Amino acid sequence: MINETKGKKMNHISTKTIAGLLLLGLSSLVSASPESDAKAFKKYFTDRFPDVPYNDYINGAYTIDKSGRENWEAIEEFPPYEPFIDEGRAMWEKPFKNGKTFKTACFPDGPAIKHKYPMWDKEKKMVMTLPLALNNCLKANGEKPMKYKKGPINNIMAYLAYEARGKKINVVIPKDEPGALAAYEEGKKFYFQRRGQLNFSCASCHMQNAGLKLRSEILSPALGHPSGFPVYRSKWGTVGTLHRRFTGCNKQVRAKAFKAHGPEYRNLEYFLTAMSNGLEWNGPSARK
Amino acid sequence: MKKFLLMGCSILIAASVGCTGNQASEEKAAMKTEAKKGVEKVAEKPKCTVEASHIVDADNARKRAASVGGEWRDTAKFIKQAHAAVKAGKCHKAEALAKKALMEGQLGYEQAMSQKELKMPGYFKF
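First to last, the sequence lines map onto chains A and B.
Mapping the first sequence onto the working numbering, position 277 (from 1) lands on 277, and the numbers just tick up by one.
If you want the working numbering, it's the 1-based position in the second sequence plus 1000.
Don't read these hints as lab results, they were simulated from the structure.
One or more hints might be untrue.
As the list claims (entries may be wrong) - Below are the SDA-like pairs computed for lysine to any residue, each with C-alpha atoms no more than 25 Å apart in a straight line:
id, chain 1, residue 1, chain 2, residue 2
1, A, K42, B, G1122
2, B, K1125, A, A61
3, B, K1116, A, G248
4, A, K189, B, P1121
5, A, K251, B, K1125
6, A, K213, A, D47
7, A, K251, B, V1068
8, A, K43, B, Y1123
9, A, K149, A, F258
10, A, K251, A, R215
11, B, K1080, A, C249
12, A, K147, B, A1066
13, B, K1116, A, S36
14, B, K1125, A, A38
15, A, K114, A, S234
Bear in mind that the values here come from a model prediction, so they are computed numbers and not experimental data.
Just chain B, same shape as in the assembly (with noise of 0.2 Å):
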């Protein structure tokens, strides 16, 4: 299971970095054509569309959790955040967000399933 979420983790940053740099230099150029237009505009914001799809595997990782009763109390939260960072065009920040929904939503459900049987603490003597 850790393997798994460094695995995850890994392809996340590797992901997000290349988006990011991508949109550096497209935004760039846009601000460079819109100089050259003389117009007084403001860059047109990122999309974020990596990062957007992060996020819906956050909230589906939160969901399962839900399925059993593991939900974690911020998890919507940080997913309701990440969805504003995407509309402000703040990729980074989408990200970071959808990362941490990502591991509550798995570690409420493992959580979850582990308490699965009712198991009595043992100071708890009949």
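So that you can see chain A by itself, here it is in the shape it has in the complex (with noise of 0.2 Å):
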């Protein structure tokens, strides 16, 4: 296809524009593939439930759960996660040992940087997420890393998000950057992958399947998923991070976990926000 084109071409244009021309068309035929992919998941969801606004989709299963969507309002009303946002304010503000803080030391931007990640990584050549962001900012610091899944990186997190509502979700992978394609590939690939003895992808639940119920609990669409975490959950009885909600979802298909914040979930979660681009960033949130 793309010989053929350039064929027709050489006949009236110089050589020098055609390899413009063709170096232009390769590199959107790569770079278009997350923004077509973007679409295409939107597409889906939008098909599906035709009655639902986009701008709705960053509520998880209450996007299309009417029954619970109400009780869930209520909640939403006094928000068992508010103790948890003035937590991590604290943890936000309150110095090192060295005397610096989160803000002075790794991130002048803040305390509204959710919005940025998950980003490409230039130096580091990886998927960098804020929480491994934070980590690395207490160990250069001198200071303890924190755990992913539980404990106070839910507070800070909770905090962060706070700060971030309504910003736009908007992933980059940059161009020039082979790698950061590469990373959203794998992620894609993940989330398409049937594992574990159940043998189920995560898009089998939460694509093919959404608005289905399993169990007790209605199947949300995969769109706008990253939106509303950390999330606190009552079956958990506190807020957890979207990794947290990985594993989970890993286990639930009896596979085995991966280590959050590792390559895998960090991939992960580079294709899955990036497919939510455009829609607003609305943590944290409840969950029965």
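With the hints as a guide, dock the two chains, each given alone in a separate frame, to form the complex.
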């Protein structure tokens, strides 16, 4: 196909222009992929649930669970995650032993920084997530890193999510960084790979069966998935991170979970969040 | 593959039956001697040597699955329980757990390999 175009154009314009055009064409072929994926992702859900306004996809299962929604809206009026936000603010402001704070040591743009993650770290050549960046900051300043699934990480993530509410999800996969696209592709593959004894992929539940009931829960649509995290989950009795949720979903299909903020889940977060580009960040939120 | 599994299983079964058979008679003999001595002592636990080697096989299968991201949730737990069963001298239980873990390791590996290339599902349309 590309060669054919090349052949035809040869007759009319100089080879230099063609080289330029080809380069453009090729790079847009490669880089079009995350964008066309996101378009197809959005289309899948908007076709499937034509009555749901697009901007509503930030609300997890309550996007489509009409009966659960009322109850949830009542809960959100007195949000159970509020104390976590306050604790998180205190963590953000509390100086390290060296006198610096998260802001002065590592995140000068903070506290509204959550919307910048996950991002491609050009120096480390890997996907950087916010919890990992927070821990790197702690370590670099002689502080103990936080555990990734339970404990104080949820406080600071709740606070940072709150501060970034209303910002647009905008995951960038830089075109001049082949590693970034590769990481995205890995995350995408992870999403569609079947795993565990039950042989389910993420997509089996959150795309193909979205809106159906699994035991007592309505399967939420994947579109908008990361928006509300961290979430206060009644079942957990506390706030939990996105990677804790990934862990739970892997275990549900009887697959061994991967390490929180290891390469598999970081790439997964990169892909999954990029699919929701254009929606708003809406964390923290409450779930049953 | 199925054939291979079946073969593996029948070998395992044969081995375990043979082995526990021996253990039973050994146990009896041991008990007799103890009784003769007039010492009130519990019979020595069987060693489950064959079963222990099957646990090693199962753990290798688990590691192979893990190397391609295909490990299942409970495989390591079965292996741990199998080790505990050997320690307790429960060779039958150890064998059953090792067998289950081996199968999971093999299936997890095959599953991951079958998904190595990304195949987009039919409902995802561009």
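How the hints compare with the structure:
1. A:K42 <-> B:G1122: Roughly 16 Å separates the two Cα atoms, so the pair holds.
2. B:K1125 <-> A:A61: Holds, at roughly 23 Å.
3. B:K1116 <-> A:G248: 23 Å, holds
4. A:K189 <-> B:P1121: 11 Å, holds
5. A:K251 <-> B:K1125: It is violated: about 28 Å lies between the C-alpha atoms, which goes past 25 Å.
6. A:K213 <-> A:D47: 19 Å, holds
7. A:K251 <-> B:V1068: 17 Å, holds
8. A:K43 <-> B:Y1123: OK: A:K43 and B:Y1123 at ~11 Å, within 25 Å.
9. A:K149 <-> A:F258: 12 Å, holds
10. A:K251 <-> A:R215: Satisfied, since the Cα-Cα distance of roughly 16 Å is no more than 25 Å.
11. B:K1080 <-> A:C249: 23 Å, holds
12. A:K147 <-> B:A1066: Given pair A:K147, B:A1066 holds - Cα atoms ~23 Å apart, limit 25 Å.
13. B:K1116 <-> A:S36: 22 Å, holds
14. B:K1125 <-> A:A38: 11 Å, holds
15. A:K114 <-> A:S234: 24 Å, holds
The structure is inconsistent with hint 5 alone, although it conforms to all the rest.
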